[in-house]
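*Asks:* Chains as they are written, first to last, in the numbering used here: chain A, 464 to 804; chain B, 131 to 452; chain C, 956 to 1102.
Keep in mind the hints are simulated off the structure, nothing from the lab.
All C-beta atoms, glycine included, are put in the ideal place defined by N, C-alpha and C.
Among the hints, a few may not be true.
[Claimed, not checked] Sample of chain A residues lacking proximity to chain B, with all beta carbon distances greater than 10 Å (derived): (1) 500; (2) 503; (3) 506; (4) 539; (5) 642; (6) 658; (7) 667; (8) 684; (9) 742.
[What the hints assert, rightly or not] Here are the computed lysine to aspartate or glutamate pairs in the DMTMM-like style, where the Cα-Cα straight-line distance is at most 20 Å: (10) 491/A / 402/B; (11) 491/A / 335/B; (12) 1025/C / 441/B; (13) 1025/C / 440/B; (14) 792/A / 178/B; (15) 993/C / 361/B; (16) 159/B / 143/B.
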Amino acid sequence: MTYRLPKKDLDQTLRGWANQAEVFAPQKREGYAQFLPWEAGNEVLLDEPHNTRFPPKAFFLPQAETLLTYNRKLSQLEMPDLQISPRIIFGIRPCDARAVALLDTVFATAENPDPYWQARREQTILIGMGCNQPATTCFCTSVGSSPFDHAGLDALLTDLGEAYFVETFTERGEALFANLASADVNDAEQAGNVQQQALALLEPAFTTDNLKDHLDQIFDSSLWSEFAQSCLGCGICTFLCPTCFCFDIVDEAQRDERVRNWDTCMLRVYSLEASGHNPRPSRAERTRQRLMHKFSYWLEHADQFGCTGCGRCVRYCPVGLDIRAMIRKAAATPSEVVHAN
Amino acid sequence: MTELETKIRAEAERLLSEHLVDVVIAFRKEDAPLHPQPGFFTRAEELESLAYNGLCANNLANYLTRYPQETRIGMVVRGCENRSVNALLVEKQHTRENLVLIGVPCEGILDWRRIVALTGENVLSVEEKGESVCVHTRENTFALSRVELLHPSCQRCLHPNPISADFLIGDPKPEGDPHLMRLRIAELEALTPAERNAWFKHEAERCIRCYACREACPMCYCTECFVDHTEPRWTDSGVTPAGMQAWHIIRAFHQSGRCTSCGACERACPMDIQMTYLTDKLNLDMIDAYQFEVGMDTTTQPPFATLTLDDKNRFITQGKQS
Amino acid sequence: MSTTPMKIALFQCRWCLYSPEDQAWVDNDLPENIHLVKVPCTGRIDPLFILNAVQGGADGVMISGCLPEKCHFKEGNLAARRQLFEFSQFLDYIGYAQDRVRFVWLDLQDRGRIQQELAAFERTLEALGPAQTLATRTPAPTGGTHD
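Isolated chain A (complex conformation) (with noise of 0.2 Å):
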């Protein structure tokens, strides 16, 4: 179904949907896009051309999570409330929506779905805002998404100047807006030029053609080293990432708490063994395996790359590593095929 919001009416919905659920938007403190509370008479920010900062991950699987407490003295276990109240989250882009769902299929698998990731899910609808001007930094239609994009989302929202044309897509998207007037043929229309110059905007960061295969044949090329060289092994990339999800279990012993933290392979004691033995012993071997595991990895897993090309990894490396430019230049790189005699 599809609807039209004015923009000045867009207060009113909000207020609205504040009393059945928390809304978060993006605005702006210290100076950046952030997800937060939104209250009503806040400024939502969402005609910059670029994401938020911090990624809406974050909703989903906290940077640090509490998974259980303990108390040693009477050997108990207490496990947290996962009584997570409902949650809209109102203008997250496209290539975040679709990073959740392809997050989805890590976490909320049908044979071993993870109840810290569930609960929050279950409660959270993405009304998501469409990219009329993609920034610069952003690739997403390099690696199969769209600034319009729909995985995700309950519903999605283009930006027509004076109004907003909604499509919805799910029945909760579609409860939210469905005392909305309806958009007529002229909205369809202009959201469909608006997404046509948004999508003429974005030129193709690289071609995917062959690329998992290439990536497998080039394992063993000096080019990771050549990259390694500036990558300064911080987790700036990882953290910042919409799709990273690596994890590690800590127990907190001054606090008795067993806390679930992200974790970056960008570091080395990431994949340290306790006998010392680290399989990515240099930074050639773990920025090989983020290309890798983004480009070529997850296509065994989910048949969809791992990446969507929201750009913040370009945007914020400290060194100016971009990621696009390692897959032109990887794509470049000749494979040297072993036949076996």
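Following the hints, put chains B and C in place on chain A, whose structure we already have.
*Replies:* Structure of chains B and C alone, referenced to chain A:
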């Protein structure tokens, strides 16, 4: 290439073609606008991509500890980088004889975030023309002043001129005013303890423990960082207040007498956290209490590595000295 | 004045109390609000120990060691004097009053001094009140975003 870049490249080419070094560490042209990358050149043909401009935001001395002592390294160093190299030499992290320092007096690093704040996200290119900086975005062109774009650490920089480079390329710049750094610390010290604490917590609480500050810092090269120590576990590794505060406090403290105030940590931070107010304070304490300024030579040990009975008359304010 | 006893972390070098009576008092009769950590030398004390105590809620930290030239390990206390004093100044800079970190350098002839110093320290701390600024070792968050 600018004239400066051409001269640097010529030097690098000479060093490589005469086999005087195994690698030249400098900067190379960016893949994404606003972010030139550290470059590692082993062959003269690669020097086409060498770059040097105000957006080169990393401290190249950081890479020194990645190489064994025997590697002969040619490195482009600005003022702070030269002092960082000296600090590393004091800690015996490389051999001076195996270093060729290509000194470039520095006009200060442009903070790319200030550019974006003024011009928007979609920057395509930046041209520096003396005191003005021309920024081309997808939508517009802006003429900005260099001074307003300088990173705060560079605004306070004391030593823009490399002090022990093997040769200098470019004209020397005037030395900085030591009062600028003192002024900023004095402003913080004039606050009440509660206000200072609130400021400290405010900055620490957005930390995401990515450790970019640590990895960008030339003096953080421990194989095992204190945060990775699991038994006993002194600090939380998560984003709890205790963990984040401990991270900032202890990392800064480990820099006492070692940090050259280059600001690479702040430039690396993805959450725009300020942290030089911690290390600058410690550096000033080292100057005031021990007359020690890091990086000014390659032999003087920092105060915490030096023990002397001369200290016996210090610290008599607490617990009576009998 | 506060009615709850001040929590004090006492880092004691195991050599500085020359008198067996003093050491016995510290080992057996230390008031409950004082937590003892014995170290082989004050030079062993890493600023991390002090920070850990402060984050755990210590209202004050006392470090008791030997005078210069009297260190069992010759120079350990010299290292401690520089580092730990600077650390106490640094803590003051971020809002944990320097008066909450007290150094006691004991001589071989001292008798009963540790008790006096602890009592005096408690009075100082009671006047300052409980330390709230850095006592942050609280449970991890259970949900929501990191903002």
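*Asks:* Are the hints correct? Go through all of them and say.
*Replies:* Hint-by-hint comparison with the structure:
Non-interface call for residue 500/A relative to chain B: holds, since the shortest CB-CB distance, roughly 16 Å, exceeds 10 Å. Residue 503/A, annotated as away from the interface, keeps every beta carbon of chain B farther than 10 Å; the closest lies near 25 Å. Every CB of chain B is more than 10 Å from the CB of residue 506/A (nearest about 17 Å), matching its label as outside the interface. For residue 539/A, the non-interface assignment is confirmed: its Cβ lies about 22 Å from the closest Cβ of chain B, beyond the 10 Å cut-off.
With a minimum CB-CB distance of about 35 Å to chain B, residue 642/A clears the 10 Å threshold, and the non-interface call stands. With a minimum CB-CB distance of about 18 Å to chain B, residue 658/A clears the 10 Å threshold, and the non-interface call stands. For residue 667/A, the condition that its CB be more than 10 Å from all CB atoms of chain B holds, with the nearest at approximately 16 Å. Interface exclusion of residue 684/A from chain B stands, the closest Cβ pair being 17 Å apart, more than 10 Å.
No Cβ of chain B approaches the Cβ of residue 742/A within 10 Å, the least distance being about 17 Å, so the stated non-interface status holds. As the CA atoms of residue 491/A and residue 402/B are separated by approximately 13 Å, the hinted pair is consistent with the 20 Å bound. Of the pairs offered as hints, the one joining residue 491/A and residue 335/B holds, with about 16 Å between alpha carbons and a cut-off of 20 Å not exceeded. With a CA separation close to 13 Å, the supplied pair residue 1025/C and residue 441/B stays within the 20 Å bound.
For the hint pairing residue 1025/C with residue 440/B, the CA-to-CA distance comes to about 14 Å; that is within 20 Å, so the pair holds. Under the criterion of a C-alpha separation no larger than 20 Å, the hint pairing residue 792/A with residue 178/B is consistent with the structure, at around 17 Å. Restraint check: the Cα-Cα separation between residue 993/C and residue 361/B comes to about 18 Å, which is no more than 20 Å; the hinted pair holds. With a C-alpha separation of about 17 Å, the suggested pairing of residue 159/B with residue 143/B holds against the 20 Å cut-off.
The structure meets every hint from the earlier list without exception.
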